[in-house]
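Modelling step: build the complete structure from the supplied sequences, incorporating the hints.
Going by my numbering, the first residue of the sequence shown is number 77, and it counts up by one from there.
Think of the hints as simulated: they come from the structure by calculation, not from any bench. Predicted model only: the values in this text are computed from it and were never measured. Idealized CB from N, CA, C, for every residue including glycine. Just so you know, nobody snuck in bad clues.
Lysine-lysine pairs mimicking DSS-like chemistry, simulated, CA-CA at most 27 Å apart:
#	residue 1	residue 2
1	K310	K378
2	K131	K378
3	K84	K131
4	K331	K78
5	K134	K83
6	K378	K84
7	K310	K81
8	K83	K378
9	K331	K310
10	K81	K134
11	K134	K84
12	K131	K78
Just the calculated beta-carbon pair ranges, DEER-fashion:
#	residue 1	residue 2	range
13	H308	E223	36 to 46 Å
14	I79	H308	12 to 22 Å
15	G370	N130	18 to 28 Å
16	L293	S116	28 to 38 Å
17	D320	A190	42 to 52 Å
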Amino acid sequence: MKIIKHKKIWDKSPHSAFTDLCRYQGQFYCVFRSAIAHVSDTAELVILVSSDGNKWHKFAEVSEPECDLRDGKWLIFNNTLYLNAAAVDRRPQCDADKRLQSLSWTVTSQGVSAPRVIVSDNYWLWKCAANAAQNLIVGGAYRGGPEGDIRLYTSLDGDTFTCAMAPLNNQGYVNEAAPLFVEDDLYVLLRRDPAYDDRGSALLGCAPAPYLDWQWLELTCRVGGPTLFSWHDKLLAIVRLYNDNTRTSLIEIDKVTGQVTECLTMPSGGDTSYAGVVLENDCLSLSYYSSHEGHSCIYFAKISLS
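This is how it looks when you write it as structure tokens:
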């Protein structure tokens with residue numbers, strides 16, 4: 077594995093972070109959060125578009141009044157491009173039960189639609205995966221705090237989501253979940269943080285359809301901002317690693333033992349990771365953010381996996 081292209085594609089914001097990438101109708105779409113800091117009262121989502129990964133232009137900015145928009149994630153389903161994200165209202169007068177909502181927008185070549193609420197009750201639908209053969213979308217939505225958990229949500233149309241399993245997992249402070257269909261099996265790479273106890277190693281879950289009987293495997297390290305994909309029967313991910321120094325890395329996960337092997341380290345450091353990936357044969361295109369060159373910026377890279 078080796079990096080064959082690497083470039084900075086955005087540095088115009090004080091803090092740019094939490095990316096995702098997709099390929100839709102022949103174009104790369106990259107989305108990320110733009111704000112004054114990692115956590116702030118307000119933030120917007122910026123969408124960049126490129127035909128080849130070399131020249132990028134700003135396609136749209138998405139904002140909501142008095143809200144911090146976080147973790148924009150792409151979903152392509154039935155030839156429609158959706159953008160999902162969390163909207164956090166940090167104002168003291170905000171109803172505590174409505175402080176966090178998961179929103180969705182439809183994106184076309186003409187622009188971005190008005191938002192729809194897809195998950196509420198302070199559950200954060202972090203990332204979704206689609207199985208076209210089953211006409212099914214799945215995603216994990218988590219609620220923070222010492223009594224928090226993560227639930228499995230499903231949708232048949234990309235607009236209406238329902239809770240299919242509660243909890244999906246509550247073994248520690250579980251939060252960011254990266255789902256992946258491998259044929260009809262569903263994998264979930266689940267982040268855990270040692271915030272309320274000492275359980276910090278990531279978890280890998282696997283279930284056959286209808287995705288209610290889960291087997292969980294504890295991995296050998298902690299990860300952040302996971303993005304999961306499969307290549308030649310290998311289970312790979314782009315994550316933030318924490319040991320020695322924080323960095324964005326491509327890892328391989330042993331589905332039997334839970335062993336994590338670091339395969340490739342991206343130019344990165346400090347506040348970093350949250351990648352989006354597009355896999356085309358043996359070439360992996362990815363977006364991510366990093367602060368190794370100063371303030372956090374957005375990067376685009378291509379990796380030869382062979």
